Amino acid sequence: MAEAKKGWFDIVKSSYVWKSIFRHEYQDTYRNRVLQVSSNVFLHLHPTKIRRHALRLRFTWCMGGITFLLFLILTVTGVILMFYYRPTGEYAYHDMKYLQFDVPFGMIMRNMHRWGAHAMVIAVWLHMFRVFMTGSYKPPREFNWVIGVNLLVMTLMLSFTGYLLPWDQLSIWAVTVGTNMGRATPLVGHEGPFADFLGVNARYDARALLTAGRLVGAATLLRFYVLHCIFIPIIAAVLMIIHFWRVRKDGGISGPL
Amino acid sequence: MPANKEDGTNPEGHIWRIAPTRRDFVGFLGWGAVLTSIGIGTLAWVRLMYPRVLFEPPSQFKLGKPIEYAPRSVADKWIRAYRFWLVRFDDRFVAVSATCTHLGCTPRYLNTEDKFKCPCHGSGFRGFSSGWKVIATNFEGPAPRPLERYKLTLADDGQIQVEKAIVFRLDKDESEKPGAFLPYA
Amino acid sequence: MADVTTAVAEAPAKPAAKAKSKVAERLSKLVPDKVHTWPYLVRLEMLVGTIVMALITVWSIVVDAPLEEPANPTKTPNPSKAPWYFLGLQEILVYFDPWFAGVILPTFIIVGLMVIPYIDINPKGNGYYCFKDRKFAISVFLFGFLVMWVSLVIIGTFIRGPGWYLFLPGQYWDVHKTVAITNVNFAQKFFGVQDPAWSAGIGAACIFIWLGVLPMVFWKARYKKSEALQKLGMVRYQITAQLFMIMMGTVLKVFLRLGFNVKYIMEWKGMINV
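Residue numbers (my numbering), protein chains in the order written: chain A, 299 to 555; chain B, 2 to 186; chain C, 147 to 420.
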């Protein structure tokens, strides 16, 4: 084994500035492998050692990870789209066309956002499917499954609120069909059973909470925009934090006992 | 190349080996591809932030026919609307910007004292009698350079047309460039 | 346990008896199948992430997202479809009233999903794929997921056309297609009863039998011989049975509508129409 020559990079690595940023070395030793995970703000979600079956894609499908990755992609592309999109009746459709033709790479961003959204819905279903098939909701992971179902609902709500934003015929009528189901809610929908009990009407009922009025109009657009960009993502993020934490606390990826 | 230890680690393994293997090479290609795509993505994002079409308010305005302006006058007719003076000399028009070059306030033209004076910090610029080349040059106060001039042309219908997006600076010796004044006898 | 010991490429073989220290030695004996997260899991995540990014980038460059004409509140397209992931519910709307298909059923679906870990007390099947240890759970879930949800989404996307009529794939979507159907209520269809009060009563009785009586009959018949039922207990059994019967009841009503043109099982004052 030759003596390692002290090159310029080694000098940099032993400098004060470097050592203040990188707290440990990167040689492949047992200690460094552990430190790489435990002293990294993103990676220390993982334990430093995992059971082998957690590596088997045939077992885990990696769908939970893919769902989270798609969430991050959607956040980044969504923020980029926010530079050009205005959620008003006059400008929404215009800004979609603007992104399509006048913004360099605008169409690719829009496409990544839309296909990423569809992919995330499918990925979250596949994740739920896989977790069910491996019985990974059984004790001690029952509550994490409940949080997962809530995340499923949040994903569908994110997709639904985003659907309205292009403000084309597809958007407005899909959302009309979707929100009209709300007016049939028993008690709190003005066309549902027992509507007179609480005195709800077309202006004040469960559906109007979503549509901000009687029609799917400009007010609905703004409300869905805020729901889509801030309100639901914050709830989803909090639920994800709990979900990932519970995976860790419940013993990692479930495997044969 | 030293082999793995019993626990699977390999402290002496470097990515810069004296004799890189084919696996190292493919690894470099892979990482190179990832970093390149991130780099291209970043550049693409920067390009995305400059749209090809801008919707900004218009900067070209018509100002009426030349005979509507008194000879040898500093007209403040367009100060409120477009923020410049239209100055008529014996042989030409000049559009002097009413944005002080110090910190952006709107100066006033003081006819009796033959100068432009900015109320904010007292910058002073030469008045009409200094002639078409020198007018609006800074001579007192904190202003660092003369007031700018806007491009003037004669439209097809005989009206004077100002283009505020195109600017001429005296401190760069642009007072004689075409467009910095409108010849009219 | 065969799966657990499958070697992953490059993951080290099980550590030999000689280890760094006594603690590590004991540890490696206790948990012999653990590997370091870095590099093995992290690089696998990096690989999966890169592949997903590449796929979605290529797809986004090649296929454009749709953008139809600007929103026009006075002009409804025909057909007017909800987003594809809600098409299952829109399909059910054909057979049930909005309050049921749009509110009650989705609520039961979500609540039913959440309740699964609490009613499935079978200890087997925790952490591996197996059908024969969990026949009921997997069959019911597959039915609900694939037959009720996924296939309805597929039908809603490709088979439903203008007027929400059925069109075979490739068939021309005729916007003027009409199909004349008269739907009558259950009691009228099968018992010839036309009086609304009696019809509602018979319908209510059928629902009561379906949800109340049948599960109890099954319970009484199988309780003594079934250890699973005994462990489950009445509360869990009732929750499971109600969810199961509502799901099956939905299927049954769809058949009654398609096969016999039955409008409602029970119709009461325009408020509770099932």
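Keep in mind the hints are simulated off the structure, nothing from the lab.
Possibly wrong hints are sitting among the right ones.
[Unchecked claim] Under the rule of at most 25 Å between Cα atoms (straight-line distance), these lysine-lysine pairs were calculated in the PhoX-like manner: (1) B:178 with B:63; (2) B:118 with B:78; (3) A:347 with C:281; (4) B:165 with B:63; (5) C:227 with A:547; (6) C:168 with B:6; (7) C:366 with A:547.
[Said to hold, decoys possible] Computed Cβ-Cβ distance ranges for the label pairs, DEER-style: (8) B:113 with A:399: 54 to 62 Å; (9) A:542 with C:275: 54 to 62 Å; (10) A:520 with B:104: 47 to 55 Å; (11) B:45 with A:547: 38 to 46 Å; (12) B:41 with C:300: 34 to 42 Å.
Note that the structure is predicted; figures quoted are calculated from it, not measured.
Beta carbons: idealized from backbone N, C-alpha and C, even for Gly.
Residue 542 of chain A paired with residue 275 of chain C, Cβ distance criterion 54 to 62 Å: Since the Cβ atoms of residue 542 of chain A and residue 275 of chain C sit about 23 Å apart, the hinted range of 54 to 62 Å is violated.
Mind checking the hinted window 38 to 46 Å against the Cβ distance between residue 45 of chain B and residue 547 of chain A? Since residue 45 of chain B and residue 547 of chain A have Cβ atoms about 40 Å apart, the given range 38 to 46 Å holds.
Run the distance test for residue 347 of chain A versus residue 281 of chain C: straight-line Cα separation, threshold 25 Å. 34 Å, violated
Do the alpha carbons of residue 178 of chain B and residue 63 of chain B lie within 25 Å of each other, as the hint requires? Roughly 21 Å separates the two Cα atoms, so the pair holds.
Hint consistency between residue 227 of chain C and residue 547 of chain A [alpha-carbon to alpha-carbon, up to 25 Å]: Status violated; Cα separation ~42 Å.
Holds or violated: the 34 to 42 Å window for the beta-carbon distance between residue 41 of chain B and residue 300 of chain C? Holds, since residue 41 of chain B and residue 300 of chain C (Cβ atoms, about 38 Å apart) stay within the stated range.
Straight-line alpha-carbon gap residue 168 of chain C to residue 6 of chain B, limit 25 Å: Holds. Residue 168 of chain C to residue 6 of chain B sits at ~18 Å (cutoff 25 Å).
Assessment of proposed distance window 54 to 62 Å (beta carbons of residue 113 of chain B, residue 399 of chain A): 56 Å, holds
Residue 118 of chain B paired with residue 78 of chain B [C-alpha distance capped at 25 Å]: 18 Å, holds
Taking the beta carbons of residue 520 of chain A and residue 104 of chain B, is their distance inside 47 to 55 Å? Between residue 520 of chain A and residue 104 of chain B, where Cβ atoms are some 38 Å apart, the hint is violated.
Pair hint outcome, residue 366 of chain C versus residue 547 of chain A [Cα-Cα no greater than 25 Å]: At roughly 41 Å apart (the allowed maximum being 25 Å), residue 547 of chain A and residue 366 of chain C break the hint.
Below or equal to 25 Å on CA atoms is what counts here, so check residue 165 of chain B against residue 63 of chain B. 11 Å, holds
Against the hints set out earlier in the document, violations occur for numbers 3, 5, 7, 9 and 10.
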